[in-house]
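Going line by line, the protein sequences match chains R and F. My numbering puts the first residue of the first sequence at 1, with every later residue one more than the last. My numbering puts the first residue of the second sequence at 1, with every later residue one more than the last.
Derived from the structure by calculation, the hints contain no laboratory data. All C-beta atoms, glycine included, are put in the ideal place defined by N, C-alpha and C. Check each hint, because a few of them may be wrong.
Said to hold, decoys possible - Ranges of calculated distance between the beta carbons of each label pair, as one might list FRET restraints: (1) Pro-197(F) x Ala-17(R): 44 to 54 Å; (2) Ala-132(R) x Thr-72(F): 47 to 57 Å; (3) Ala-185(F) x Ala-292(R): 48 to 58 Å; (4) Ala-71(F) x Val-3(R): 21 to 31 Å; (5) Glu-113(F) x Glu-22(R): 18 to 28 Å; (6) Val-242(R) x His-76(F): 42 to 52 Å.
Residues per chain are reported as follows:
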Amino acid sequence: MDVRMSRRIRAALRAGARGAAERPAVFLLAVATMSAGLLVLGAYLLVVANLRGVLARAGADLRLVAFTELHAPANDERVAALAERMRAQEGVGEVVYVSPERLRADLGSDAGVLEGLERNPLPGSFEISPPADVRDPARLRALAAKLEALPGVTEVRWGEPWVEGYAKVVRIAEWVGVGLGAFLLMVLGAIVSSTVRLSLHARADEIQIQRLVGAGGWFVRLPFCLEGALQGMLAAVLALVVLRAAFAAGLPLLGDALSWVLGGRPAVFFGSLESAALIGLGVALGLGGALASLVNLDERG
Amino acid sequence: MIQMYHVDLRYAGGTYGLRDVSLVLEKGDFVFLTGASGAGKTSLLRLLFGAQKPSAGQILVAGRNITRLPATQLPHLRRQIGVIFQDFKLLPERSVFENVAIALEIAGVSRSEIRTRVWSMLKRLGLGHRIDHKPRMLSGGEQQRVAIARALVNDPPLLLADEPTGNLDPALALDIMDIIADAHARGTTVVVATHDPALLERYRHRRVVLDGGRLLSATGPDEYSTPLRQLGVTRA
Chain R
1 MDVRMSRRIR AALRAGARGA AERPAVFLLA VATMSAGLLV LGAYLLVVAN LRGVLARAGA
61 DLRLVAFTEL HAPANDERVA ALAERMRAQE GVGEVVYVSP ERLRADLGSD AGVLEGLERN
121 PLPGSFEISP PADVRDPARL RALAAKLEAL PGVTEVRWGE PWVEGYAKVV RIAEWVGVGL
181 GAFLLMVLGA IVSSTVRLSL HARADEIQIQ RLVGAGGWFV RLPFCLEGAL QGMLAAVLAL
241 VVLRAAFAAG LPLLGDALSW VLGGRPAVFF GSLESAALIG LGVALGLGGA LASLVNLDER
301 G
Chain F
1 MIQMYHVDLR YAGGTYGLRD VSLVLEKGDF VFLTGASGAG KTSLLRLLFG AQKPSAGQIL
61 VAGRNITRLP ATQLPHLRRQ IGVIFQDFKL LPERSVFENV AIALEIAGVS RSEIRTRVWS
121 MLKRLGLGHR IDHKPRMLSG GEQQRVAIAR ALVNDPPLLL ADEPTGNLDP ALALDIMDII
181 ADAHARGTTV VVATHDPALL ERYRHRRVVL DGGRLLSATG PDEYSTPLRQ LGVTRA
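Using the sequences provided together with the hints, build the complete structure.
In structure tokens form, the structure reads like this:
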């Protein structure tokens with residue numbers, strides 16, 4: 001970049017800062033409006049993040065149970081070999097062998113029904129935890145079929161109705177999330193675009209004069225883009241501060257009800273990564289809205 | 001400096017702002033563009049600094065065919081053209097210094113050089129004591145001098161003035177015209193659109209007359225008139 005260009009960029013930035021300072025009401029109105037939108041979006045994302053945690057925990061409880069004809073203790077070599085073959089299958093996470101004796105012990109007082117039998121009739125079984133990316137019915141069905149084909153495995157059960165219900169809930173949550181998120185983003189984009197247009201209108205004379213004395217398109221656009229980005233950033237920070245305050249104030253009030261909804265899991269606020277992402281989203285929205293409203297700016301002036 | 005060949009400016013609805021205008025202005029010329037209100041003076045000036053594109057014909061300014069110039073190249077051309085308007089077009093919230101400096105900032109001139117050149121230009125136009133004032137604190141004549149300072153501070157080879165004295169009383173109008181004449185004396189090509197007979201009488205420069213968007217024969221004293229053939233004009 002040559003010296004003149006860097007001076008022009010600095011001049012454009014100064015012009016933008018001056019323009020914003022001369023019309024603080026327009027600037028603050030844009031920040032407040034965007035902040036309200038980002039607050040709604042942030043609150044929604046906070047709810048989704050907490051519910052996703054609940055769903056993730058429910059998903060983590062999911063197990064496939066592979067029954068085996070091996071009536072062997074846990075340290076038997078054949079059991080270890082079969083467990084190893086299971087682990088080698090794609091989509092298999094942790095594998096735990098439950099021996100007939102262990103199962104009988106787990107029955108506790110109910111084990112009385114087995115009294116008098118010559119041998120323990122309970123089967124040995126393997127509890128298999130699928131990783132998160134395998135927790136959909138189709139993949140679990142395929143995994144169950146593969147496990148069932150292994151020598152020594154008699155049957156695989158995986159609670160198909162529960163898994164299908166779980167998958168449906170996750171899918172609906174994701175689609176609602178995407179739809180509502182997209183809708184809120186569009187609304188926010190329109191708000192930013194309108195406020196930048198308002199700002200453009202307020203600075204029409206200045207732009208005309210800049211054009212007249214030889215300002216290029218980028219010279220006119222750059223301050224608006226930076227103003228939009230700055231507004232987006234400030235709006236996101238403001239939304240986060242308000243949301244954090246509301247979160248802190250609302251937790252004691254919601255108390256048991258919230259705990260029940262979240263399955264006993266404590267509600268969590270955004271971490272630094274999510275907060276940074278929301279601020280980044282604000283910046284992107286501000287920038288995008290500014291660019292959208294500047295598309296049709298008359299190049300001739 | 002300026003060559004226009006069979007230029008039409010047609011508006012939506014079919015009316016013409018300019019029709020078959022051909023005109024050649026040499027470097028260093030001083031030309032009055034005159035005619036009644038609505039004759040096409042402003043339209044012609046707007047074409048010359050690229051605010052509009054002609055519907056037909058070719059326009060060359062400072063060696064560039066602006067009818068074919070992409071919008072992205074227009075700023076380069078405009079940095080070589082100073083433009084003055086009847087309504088001054090100053091930024092009311094900026095100081096006199098800032099209003100003049102804007103032309104140099106956009107040209108990428110260093111801040112120290114901007115200070116030197118703006119100060120020197122304002123002093124030359126008798127506005128040294130007004131440098132920190134806002135335009136609303138100035139008289140009409142002073143405001144127009146600020147606008148002229150902004151137009152000239154970049155030393156443009158071409159100065160276009162659209163009714164520069166239209167909002168001023170006669171004494172101030174002469175003051176402004178003297179400044180423009182001084183710029184011409186320093187080598188700037190000047191085109192002034194005016195319908196003020198007093199100015200045309202006092203400043204005996206070439207005149208080009210527009211009527212209903214068409215270029216007519218020049219008026220005024222013969223020795224200062226510009227026959228159409230000398231201007232390269234072809235009547236439709």
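Run the structure past the numbered hints and jot down the numbers of the failing ones, going up. none
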